[in-house]
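As given, the protein sequences belong to chains W and B, one line each in that order.
Last residue of the first sequence? That's 438 in my numbering, and every number before it is there in order.
Last residue of the second sequence? That's 438 in my numbering, and every number before it is there in order.
Calculated from the structure, these hints are not laboratory results.
Note that the coordinates shown come from a computational prediction; the quantities given were computed from them, not determined experimentally.
Treat each hint with caution, since some may be false.
Chain copies aren't distinguished; within one or between two, either way the pair holds.
[As the list claims (entries may be wrong)] Distance condition first, Cα-Cα at most 27 Å in a straight line; then the derived DSSO-like pairs of lysine-lysine:
id	residue 1	residue 2
1	Lys362	Lys221
2	Lys219	Lys299
3	Lys404	Lys422
4	Lys362	Lys219
5	Lys431	Lys237
6	Lys299	Lys362
7	Lys362	Lys422
8	Lys164	Lys221
9	Lys196	Lys251
10	Lys246	Lys221
Protein chains: 2
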Amino acid sequence: MAPKTVLIVYAHHSPSSFNAAAKDVAVQTLTAQGCKVIVSDLYAMNFHAIATAADIKGKLKSPEHFLYAEETFIAYKEDRLSDDIKEEHRKVAQADLIIFQFPLYWFSYPAIMKGWMERVLTRGFAYTLQNTYDNGLCKDKKAVLSFTTGAPETKFQPDGINGDVNVLLWPLQNGVLHFCGFQVLAPQIFWGPARASPSERKAMLETWQARLKGVLEERPLSFASSELFDLSVQAGARLRPEVKEAYASQPYGLTTGQHLDKPLPPNNQTKAPPYDKH
Amino acid sequence: MAPKTVLIVYAHHSPSSFNAAAKDVAVQTLTAQGCKVIVSDLYAMNFHAIATAADIKGKLKSPEHFLYAEETFIAYKEDRLSDDIKEEHRKVAQADLIIFQFPLYWFSYPAIMKGWMERVLTRGFAYTLQNTYDNGLCKDKKAVLSFTTGAPETKFQPDGINGDVNVLLWPLQNGVLHFCGFQVLAPQIFWGPARASPSERKAMLETWQARLKGVLEERPLSFASSELFDLSVQAGARLRPEVKEAYASQPYGLTTGQHLDKPLPPNNQTKAPPYDKH
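So that you can see chain W by itself, here it is in the shape it has in the complex (with noise of 0.2 Å):
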């Protein structure tokens, strides 16, 4: 097997954090099995966070009604992009597999990483208007959201406080990294470790330590294929008619959004499918 390249995009203040620790032991591990780890420690780089028109170099197609995308789109066909997100392109267009390690602020990723997400995930780049899920321009990398919470898992059920954590991660999941293409594993979720002792500390870096031994070779979750759309203008991008048919019968709904009024499919955001069963 050639040798993989890992990207990992850390987003924690504090070298001594557990989100530090979650980070070290994949650069460890990895870089043991013989994978190239390049990390993006976001603070550490002061990553600049907001997208602007301070991101394209030369004249703007449109100044008096910038765009974000369309430009940057242009730029980066034009070879006009900032030099901070080309060097982030050139990590992501090496990495196998990209590993999002961050502690869960407001139900999502901190700002600096969300902005991570706006300023390098470009058009053109990572997707076009007819490049998107399944066809994104990433179609052929994986992610993985590698994250701690300050709540216990109980308050992310569907009967807990804080809801069902696959409904938060349906947006973060579905809409920046399936819609890049992505081939999305299983979320590694650390559940409140301020709050575990050492020792249940050190069982959680474990857990991912043995998990990342294989996690080149997971499959991905699973999401609806673009295919099951009918995505003419006409239609709306809606399943087609047979899709909708075929599963008027089914306990479940499609996928966590796409849920047809039915019960959303059990873990559909936290669990790759039995994939041997299909």
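Fit chain B to the given chain W structure using the hints.
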């Protein structure tokens, strides 16, 4: 009725954008009704979006293991937060209603607005560990997300390629706004204005203008009352057994997130319930 104060947190680069027009309609309509309207124009302010130790004046409690929420909680109580955060706190403190006006970026608000949430909704100011959800410190205030999409509405249906917009809204509305106690009003969603004709765009703004005339009297979206949960550490903040029992015979779950493995209650995050029937 005493005059009301409305804060508009606004995130778009361009004064010629539809978002700018929606913000301007809100300023004009609410001002004409006698409201005091304050605008935080995040890009124009060059709002600093990244939560770091620089947000705290003076000595950190644990510089070797920096935890943002902990350190800013202490700094808030000791009046040692940075001036820009204090300025936003002053605006929020006055506001009866906050309107968040933004283009949907990657199924969420732009990073600059995510940064506003992280830095301004400080523990101690917007919530405490004991004061969340129904008891959040912003419980006497209303909030509304007003945003534009690139995609048409059909793509955000339960059978659309982007999935149900209610799922996308749950982390934004429950995980941030309701978490701090805000009474969350139905979102104002402008579907694909960039692809609409000038007369369609005008009609969208007129609908918004008409809504704004009564927005301060609107009843909020329905979330699960904190009283329904057993908040003890042992129980893990899950719904009380008697509540689950009462819902067992219902066709739908309680909310988008607390779905109890049942179909999601339709429009839970997009339409206020018909209160007169309750």
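These are the hints, each one checked on the structure:
1. For the homomeric pair Lys362 and Lys221, the shortest alpha-carbon distance between copies (25 Å) is at most 27 Å, but the shortest distance inside one copy (53 Å) is not.
2. For the identical chains of this complex, Lys219 and Lys299 are neighbours neither inside a copy (32 Å) nor across copies (47 Å), given an alpha-carbon limit of 27 Å.
3. In the homo-oligomer, the alpha carbons of Lys404 and Lys422 lie at most 27 Å apart both inside one protomer (12 Å) and across protomers (19 Å), since each shortest distance falls under that limit.
4. Proximity of Lys362 to Lys219 under the C-alpha cut-off of 27 Å is found in neither arrangement, the shortest distances being 52 Å within a copy and 31 Å between copies.
5. Taking the closest pair of Cα atoms, Lys431 and Lys237 never come within 27 Å of each other, the shortest separation being 37 Å inside a single copy and 42 Å across copies.
6. In the homo-oligomer, the alpha carbons of Lys299 and Lys362 never lie at most 27 Å apart, since the shortest distance is 34 Å inside one protomer and 39 Å across protomers.
7. For the homomeric pair Lys362 and Lys422, neither the shortest alpha-carbon distance inside one copy (40 Å) nor that between copies (37 Å) is at most 27 Å.
8. For the homomeric pair Lys164 and Lys221, neither the shortest alpha-carbon distance inside one copy (39 Å) nor that between copies (42 Å) is at most 27 Å.
9. In this assembly of identical chains, the alpha carbons of Lys196 and Lys251 lie at most 27 Å apart only when taken from the same copy (11 Å versus 48 Å across copies).
10. When the C-alpha separation of Lys246 and Lys221 is checked against a cutoff of 27 Å, the pair qualifies only within one copy, where the shortest distance is 20 Å, while the shortest distance between copies is 38 Å.
Of the numbered hints listed earlier, those contradicted by the structure are 2, 4, 5, 6, 7 and 8.
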